[in-house]
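Working from the sequences, and respecting the hints, build out all of it.
Line order of the protein sequences matches chains A, D and E. Per the numbering used here, the very first residue in the first sequence carries number 8; after that it's consecutive. Per the numbering used here, the very first residue in the second sequence carries number 8; after that it's consecutive. Per the numbering used here, the very first residue in the third sequence carries number 8; after that it's consecutive.
Hints may contain errors.
If several chains are the same, the list does not tell them apart, and a pair holds so long as it fits within one copy or across any two.
Stated by the list, open to error - With a Cα cut of at most 25 Å, we get these calculated DSS-like pairs of lysine-lysine: (1) K10 with K118; (2) K55 with K98; (3) K118 with K11; (4) K60 with K100; (5) K55 with K10; (6) K94 with K56; (7) K56 with K98; (8) K55 with K118; (9) K56 with K118; (10) K10 with K98.
Honestly, the hints are just simulated from the structure, not real lab data.
So you can see what is in the structure, the chains are spelled out below.
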Amino acid sequence: MDKKLGIIATKGTLDWAYPPFILASTAAALGYEVRMFCTFYGLELLKKKLDLKVTSVGNPGMPMPMPMPVMLQALPGMQGMMTVMMKKRMKGKGVASIEELRSLCIEADVKLLACQMTVDLFDMPREAFIDGLDYVGAASFLEFAGESDVCLFI
Amino acid sequence: MDKKLGIIATKGTLDWAYPPFILASTAAALGYEVRMFCTFYGLELLKKKLDLKVTSVGNPGMPMPMPMPVMLQALPGMQGMMTVMMKKRMKGKGVASIEELRSLCIEADVKLLACQMTVDLFDMPREAFIDGLDYVGAASFLEFAGESDVCLFI
Amino acid sequence: MDKKLGIIATKGTLDWAYPPFILASTAAALGYEVRMFCTFYGLELLKKKLDLKVTSVGNPGMPMPMPMPVMLQALPGMQGMMTVMMKKRMKGKGVASIEELRSLCIEADVKLLACQMTVDLFDMPREAFIDGLDYVGAASFLEFAGESDVCLFI
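Structural data, given as structure tokens:
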């Protein structure tokens, strides 16, 4: 029987968008049945128009093109600049964009789930999200998680 | 046999307090045996007097009532203001407070565990914590985790 | 048969370096086979010369010797000062340093894995890392994870 991977994706930044999509697409390629439950800030990953930013503040472990003191990182515009630099580096290295990885996941039958409670909490209109999502609750996802071989909270 | 959910709760902010308590209470309602090991900053979740704050700095994925540049978010008082706004929104939407979710977990027999090593490290007095906790180490929790169906590091 | 623990270590700060190494060494002591896949910022944990810092910005749950407003925490030098204070406290309490915990893990046969994709992405020279690492991809780690009893994303 196929192995199962459950992912609870809770972060909405550019850097933390990579782990869930890379793990999901890799597992799907290996024949896993994959379900990704996007909740809290992770709902950003399901938006039609992705607007994800790198966050460096509070993230001293981030290898950056040049080191910057925390104070500077909080300057207006710095976050946008770092996001641009990160995207450039990704592209230069042939790493797929989040949009591309997400499409790859969908093509590979990764099931993308949106947390209904969070959607309600922040009054997010369904039109903001990509089509084909299932809107479910934690209980519904736990049913799958309980049967999964690997379940990760990201 | 009942399914088992292990949670390692390591964050002590208002926003990150929700996932462990929501998952724990939902799983318990589904008949899971649940143990939640609170360690590092996660020990804040077990304090008698909860004083959890939302953190927006370094958290660009957070959907906020109004967008704010990183610099502004670091201003004194801003964190408190965002915490108040978040709590209001939660309440207005009928989402339970962390105190309520925690009580729900205890009533549903979720076992709350405090990490003894962290308690010692920060000289936290036991009187600061709610009653009925077990104070254990990582080895003790791993025994349960090894038998669990789902184990999440939050 | 021995139990298996898989860890995906993705954070590169002093505080978040503790959970993976403590869990890995504890599990190894209990007879677990442990593999730790270091990816993204988690690669910092495999550097020969560790230079990990505490991050307080965006981390209101952190119990600090004295409370500080967010603004102050962003001041130049403050991060370094907090790192020094944290290290002193750890040492005074007899908590092993990350270097010591890492050595302990290696002696206990914890398999440390470096994410080849991240190494390539940031042009990290192999000489910067400790010897004896395996450089692998997510697919390779997932094979182990699929057989593991516990798998954590940290």
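Discussion item. To test your reading of the hints: which numbers does this structure violate?
Written reply: 5 and 10
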